[in-house]
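Take the sequences, apply the hints, and build the full model.
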Amino acid sequence: MARRIITLTVNGEQCHLAVEPQWTLAEVLREQVRLTSVKVGCDLGECGACTVLSDGKPILSCLVLAATMEGCDIQTVEGLAENGELDPLQKSFLNYGAMQCGFCTPGMILSAKAAISEHPDSSTAEIRECLSGNLCRCTGYGEIVEAVQSINQPPRQSNLKSEPRIDGVAQVTGTAKYTDDFTLPRMLYGKILRSPHAHARILSIDTTRAEKLPGVITVMTGKELPFKYGILPSSQDESPLCIDKVRFVGDGVAAVAAIDEFTAQEALKLISVRYELLPPVLSISDALRTDLPKIHPETKYENNVAKHVELEFGSVDEGFSAADYVREDEFFYGPSTHAMIEPHAALASFEPSQNSSSFKDGYLTLWTSTQTPHYVRRTLAKVLQMRTSHVRVIKPYLGGGFGGKSEPFALEFCASWLSIKSGRPVKITYTREEVFYSHRGRHATKMWLKTGMKKDGTITAVKYKAWLDGGAYGSYGVVTSYYTGQFLTMPYKVPQFKFESWRVYTNKPPSGPKRGHGAPQPRFAFEVHLDRIATELGMDPAEIRLKNLVESNSMTVNSLRITSCGIRDCIEKVLEASGWPEKRGKLPAGQGIGLAASAYISGAGKEIYWEGLPHSGAIVTIDRFGGATVLTGSADIGQGSKTVIASLVAETLGISISDIRVCEADTDLTPVDLGSYSSRVTFMAGNAVLRAAEELRQKMFEAAAGTLKTHISDLRAVRGEIVSRVNSTKRLMFTDAVRLAEARFGTLCATGWYAPPKLGGTYKGAGAGPSPSYSFTAHVVMLEVDQETGNVKINNVWSAHDCGKALNKMMVEGQIKGCVAMGIGEALSEVLSYTRRTPGYQAGSHGGLSRATSLLNYTIPTAVDVPPLDVFIVESIDPEGPLGAKEAGEGPLLSVPPAIANAIYDAVGVRLSSIPFTPDKILKALKSKQPLASLVEVRRKKETAA
Amino acid sequence: MIRLPEFELLSPTTWDGLMRTLTLTNGNTKILAGGTDLIVNLKQGTSTLSRVIWLGKLNELRRVFMASDGSMHIGAMCTLSEIATSTIVQKRCRVLVDAVLSIAGPAVRNRATIGGNLCLDTRCYYYNQSGFWRDAVGGCLKQHSEDNSSAICHIAPGWARCSAVFCSDTAPILIALEASVKLVSSDGERTILLRDLYRDDGVHHIALKADEILAEVILPPPRKNGVGVHHKIRARQSIDFPLANVGVSLAQDASRICSDVRIVVGAIQSAPIEAHSAEKVLRGNKLTSEHIELAANEAASSLTPLPHIGDTAGYRKKMITVLIRNALNEIVRKEASYA
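Protein sequence lines correspond, in order, to chains D and U. Just so we're aligned, residue 1 is where the first sequence starts under this note's numbering, counting upward by one. Just so we're aligned, residue 1001 is where the second sequence starts under this note's numbering, counting upward by one.
Quick caveat, the hints were computed from the structure, so don't treat them as lab data. Some hints here could point you the wrong way.
To be verified - Straight-line Cα separation of at most 27 Å, DSSO-like style, residue types lysine-lysine; simulated pairs:
hint, chain 1, residue 1, chain 2, residue 2
1, D, 57, U, 1057
2, D, 547, D, 450
3, D, 927, D, 586
4, D, 57, U, 1209
5, U, 1286, U, 1224
6, U, 1317, D, 793
7, U, 1318, D, 921
8, U, 1317, D, 924
9, D, 924, U, 1318
10, D, 465, D, 269
11, U, 1030, D, 269
Here it is in structure tokens:
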């Protein structure tokens, strides 16, 4: 079609643009005007990331044809700062920590800008309403609302201690580049053809028609890359594209690279694949049957069980016979997904070797939205059969992960292979729908629990069984199979413990690690189970918890070594803040209050491949003119690890964080770090960086001590100076000390690394669960149940989290609040369901099709669905953490859903044992006033005996 | 990003130009207003077309005014935000503001129009999906309405017609207020009651002729002692389409007897549904809690929501009772506050 010339005023400048009628404003702003702050999170008007201002009013640029915008005045965040000075709103976002991954930030700022321009005195509720079309998955919205409301006011007192993110300016001005924001000369666009069937054999693939489509450069199928991979050595069950069989609706089958994305999209329609349908395995019970085909025939079980774990610590039989009360319950935890706002994207660029014609000797660079650049690099090299040292993986800014980007994905292999085949750069960005198919979300888990207890509320034994719906591939599932049981021995002492778990394969998108990896499900079960026991025993749920707490410097029955432990403080804090004693059981009808507590790891004690190598390495160099540069392999995924690492170096060297540069997550430049998963970064990368920085400080002290004629041990580095503690007139400017040290020792550079101590027991499976340290959390939730609609309105959440030393309070609070918001969504509104097999239909009878493939159908909380959150940080200084710090990014999620369940019981007297608590379920439970899952047995042993 | 296929974009700038353009319409032409529904459908490939007529340049379609007979006229291209902030609408029909503000999020409302909301496509989770998804499930009646294939309706397999649901948040209350719409084509114009615009058929739910556009919404002069209420239930408190909604308009005489009652339930079937049985319960009676309860139950028992968003039909049926009860109770509260 003919292009037409339109004139737009964009950020105050007139732009004459030749646009085709079908181009959206988002396409034109991103690709013609090159304003990449205009983010595309869903492309269907459901997330708000692409918000721009048109004549001062927010609009969704993905739903507007550029050709209809003639003469409009468009504003993006790139245009907010004037003469190099940030807009007050941008400053406020920085000061309040109103962004984490930063992907929703440009749209959020613009919606806020419009709101306060129109109504400068907006109330909190009005601001929330104005932001309610902009989804944020990281923050829980509170800080954003506060930032908007407090514009032009000095930052909150409590936040003055915290440094804003070091990458925050790039985020609020739109200069932060995420993977999809990159383009390269001659770049092609790739697309993946996906299986429409849940389970089928591939009989043939014919790509000839697609290859002939003008604009298509190359096409690939699974046979070209037949090498299996998987994030764990024990489950190498994936290939980049399916070879002989498809295992879920959305499994990749072929891929194309074309000169533009439309052509690539169209080319997929020209690939014909012949399938032979196989019976699909769609549920845990299907998977346990022996009469259905095996999804992965190579497994050792006769049905679709992928992993079975059985571990006993002590003797549960003994524990149960010592009990006065024994109770059994069943629970179900529905599946959920990360729903980070940035879809997965990868851009590959291949360069042939100068002295070999084999691509295997060539060089590959991959920019990718990954939490684990190191694992992606290893796996790429393995699958592409290239030299690992020739593969470079770079993680640009990342728009949220939550576990959903923590292993290699099909697009990374396909972009790379298509680039190798075509000799041109290839970019693949998933649609929101593809993100749902690729997700690796929370395992749906069916659980059974049995607990023995003394009359006084002391736990004597716990027995636990779990069935985990793993979806089509292994992912991190073997670890999940252990985590589901291992963490039940914290934060309450369990003297005798036994668990059994079965992770099964089903023909659904693979499950994997989502924030809290395997721990939220048993935590939900146990915390509700414990509340029921408390009710039975006539005890206060708080009392029964306080009675059984693990203590610092103790060992659990399954050999988890607990060092620092602030769980008692956490629980006491939230009880006090919430007014628990005055509220429990005493609130007006329909209102209720609930408590739950949890513990989580600060990094997995074992790396994924066990070679005894450091888990994290760092290089710190000091600049002759002051300042330092850190090279770290760790990946900032929005949680703020870059800032934490910079602050550790700044603290050690006594200089300002603004003088630290962090170069991260580029496998050519930065030493290995295993990635952002298992809440390991602050602890492990932090320790590595600290070690390097301390070595440099030591050199500076040595050099300075000579000049100042003082002992090295008397010196300290503070506020840009090296000062003697004994005689404060003996001082040197930092830069002078640097020069002295450099003159004496040569270029100032140090390496640091971290490997956890040997942890855990000696039993098989003892490697999954141990961590060098554990965080602890308690939540009290107060809510209201609308008994007509079944809606639950959360009014307050009080959260206390023991993160060791809080290195940046603002960011720790941000992590806790983000966890709470995600926990609320998971507990109340997020439903992942799949179509059932429906015999009788000619087509589509196969089932297994995701019903939630968009952010309209998968309902994550908006700004008006999350209440204000009260957060308390408990600092049990950890003996091994960097400056005493441990994790804050995942643990605070675990006990949110059970606290909600327990509060619902307090409000309306029903025990919910199946997550999520949708309005429909609540109404049904209210109607029957019976728990949803069967209450198996309540036995008063002594009475029975008597 | 999802790339749209090519099409021709016509943007008439004058009324005459519009008339000429409308003569060019055929089966592959779509009218573009705000685009918040149409562009999504184009991206998901549920609409195929070769030509788009955009109405955004016609100032005639953007006016809100009071006519001398006391009726209020709202141009079809007024955005939902413009309606919510229009002093005329705020003063004359507050309930429409409530309804409009319950739609989607602020950025959508800045673009979406009242005409577009009244002409929304029907929705169903077997249909509002990507082409890949719909093909995976084997297509459906709505998708294959034109090509005579043997497709079936997945949510009501026995049905010969599509059971996608009409999810407008403004239609129920406007029907309850007895609004009419002015329809314009190259042959001339006609004004019909809004209720007559809709047909309970998921594919052909809007009775517009091929070359006809909805140009204006007309609200009749207010009834004496009339009051209107809009209530909506949705999954989240923003963004979402209704699980069900209700528009109630009611007039009472001096002794508080309901003389005229209209209750319209939306988002449960392929067209807004008038709850006549509930209206009957109230007509000639006072709004006592007994009558309110009776009316709410009567409506729910006579209406059956279609399961267009999964296994929620039973829940949504219960919600009809709740919506009507809450709407009527709000009227009682409003009256108490006037008195």
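Violations among the numbered hints: 4, 10
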